[in-house]
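A.B. asks: Model the full structure from these sequences, guided by the hints.
Take the sequence shown: its position 248, counted from the start at 1, is 329 in my numbering, and no numbers get skipped.
Just so you know, the hints here were simulated from the structure itself, not pulled from any lab data. Incorrect hints may have been included.
[Stated by the list, open to error] Cross-link-like lysine to aspartate or glutamate pairs, in silico, DMTMM-like; alpha carbons within 25 Å at most:
| no. | residue 1 | residue 2 |
| --- | --- | --- |
| 1 | 344 | 297 |
| 2 | 373 | 295 |
| 3 | 224 | 156 |
| 4 | 322 | 196 |
| 5 | 366 | 378 |
| 6 | 162 | 152 |
| 7 | 184 | 248 |
| 8 | 232 | 255 |
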Amino acid sequence: MALTGRVVKRNEKWAYVINLPLDPRTGRYPQKWKMGFSTKKEAQEALQKALLETDEIALWTKDFTLAEYLEHWLEKSVRVKNRPSTMATYEQSVRIISQHLGKIKLRKLRPHQIEALYERLTEVYEPSTLYKIHRNFRTALGKAVKWGYLKENPMTRVDSPANRKKEKAVLTPEQLQQCLNYLQVHSPVIYMAVFLAAHTGMRRGEVAGLQWRDVDLESQTIRVERSLSEVKGKVYISEPKTTKSLRTIAVSEQVLEALNAWKSHLEAQLQRPLREEDWVLVTKKGTPIQPKRFSVDFRNAVKKLDLPPVTFHGLRHTHATLLLMEKVPLKIISERLGHASITITADTYAHVTENMQREAVEALDRIFSTK
Numbered sequence: 082m083a084l085t086g087r088v089v090k091r092n093e094k095w096a097y098v099i100n101l102p103l104d105p106r107t108g109r110y111p112q113k114w115k116m117g118f119s120t121k122k123e124a125q126e127a128l129q130k131a132l133l134e135t136d137e138i139a140l141w142t143k144d145f146t147l148a149e150y151l152e153h154w155l156e157k158s159v160r161v162k163n164r165p166s167t168m169a170t171y172e173q174s175v176r177i178i179s180q181h182l183g184k185i186k187l188r189k190l191r192p193h194q195i196e197a198l199y200e201r202l203t204e205v206y207e208p209s210t211l212y213k214i215h216r217n218f219r220t221a222l223g224k225a226v227k228w229g230y231l232k233e234n235p236m237t238r239v240d241s242p243a244n245r246k247k248e249k250a251v252l253t254p255e256q257l258q259q260c261l262n263y264l265q266v267h268s269p270v271i272y273m274a275v276f277l278a279a280h281t282g283m284r285r286g287e288v289a290g291l292q293w294r295d296v297d298l299e300s301q302t303i304r305v306e307r308s309l310s311e312v313k314g315k316v317y318i319s320e321p322k323t324t325k326s327l328r329t330i331a332v333s334e335q336v337l338e339a340l341n342a343w344k345s346h347l348e349a350q351l352q353r354p355l356r357e358e359d360w361v362l363v364t365k366k367g368t369p370i371q372p373k374r375f376s377v378d379f380r381n382a383v384k385k386l387d388l389p390p391v392t393f394h395g396l397r398h399t400h401a402t403l404l405l406m407e408k409v410p411l412k413i414i415s416e417r418l419g420h421a422s423i424t425i426t427a428d429t430y431a432h433v434t435e436n437m438q439r440e441a442v443e444a445l446d447r448i449f450s451t452k
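C.D. replies: Written as structure tokens, this is what we have:
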């Protein structure tokens, strides 16, 4: 971003003023003045020379650290337009980067320093986490270029860490039923959360965000309208992850019967009729449950029963995998999951569809085999 300036007359003398980029530490646009020129032409010539020679970044960033910039980026670009849960991911990346590179001057940051950081982080973090750090770092420095704080983004010369995806662990129908039987006895509310996640494919926050108004007994559907997220122990209500996440999911008689039984249980527990705006999954006081509890209690149950290490989010994968194995079309599964596109569904469950491709080949062999 090129600097601009102008000449002005002051006290019978001429001066020039250069407009500098925004200083994130003060929130102001500083200016550089030089006075004492005898003529306007002399001031204009001096201004043009100064504009060519002036390092627009070094003018005010000579003491500006990477940590200072990243905090400014969070404040001005991330926190103003992201959900709390998404914001927490960015903040984690900034915290990790600043811990290692924060004292380096922003304008002196070099690609080899970033690559050295990645080498250290590889020993500590999963590939998926490292990839997120890289993606967020690239975004932050790209904004620095756009804002005029850097002349070029050093990340353009840094190789992206490999984002190796692990095959997602899922439960078999028998393992799922074993877990549900255990939870029904030991934690009814977590039982309902697991039951709903497994039967609908909803995300954890979507399950936590269900209200009774979202359950339509007549059409046998559940409407996903909101999501609950938890950051530093505080619960936030927000819209679901994407536009496609706002969806209607068809459910079975079994699900509706379970919801009706749960509703009767809650009304007895709270000693009042439930209202449409009441949460489906609540504490004994009728307040929404912190989503993190779903994950913790489910993980403990899985460990207690010596089942595969499936997370609560893994119930969503279990739902999709079981449907794929039953030959349900990928488009229908994508709609139930609320994916932004069917491509995401295909990429996520490629390992399942690969097995189905083999089954299709074997089926063709049987069809066209000659005796």
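A.B. asks: Now tell me if each hint is right for this structure.
C.D. replies: Verification of the hints:
Distance check on the hinted pair: residue 344 and residue 297 sit about 13 Å apart at the alpha-carbon level, within 25 Å; holds. Only pairs whose Cα atoms come within 25 Å are accepted, and residue 373 paired with residue 295 is accepted, the gap being roughly 22 Å. Of the pairs offered as hints, the one joining residue 224 and residue 156 holds, with about 13 Å between alpha carbons and a cut-off of 25 Å not exceeded. Using a Cα cut-off of 25 Å, the hinted pair residue 322 and residue 196 is violated, with the two alpha carbons roughly 32 Å apart.
Between the alpha carbons of residue 366 and residue 378 the distance comes to roughly 19 Å, so the proposed pair stays at or under 25 Å and holds. With a C-alpha separation of about 15 Å, the suggested pairing of residue 162 with residue 152 holds against the 25 Å cut-off. Under the criterion of a C-alpha separation no larger than 25 Å, the hint pairing residue 184 with residue 248 is inconsistent with the structure, at around 38 Å. Note on residue 232 and residue 255: the hinted pairing is violated, with a Cα-Cα distance of about 59 Å set against a maximum of 25 Å.
Hint check: violations occur at hints 4, 7 and 8; the rest are consistent with the structure.
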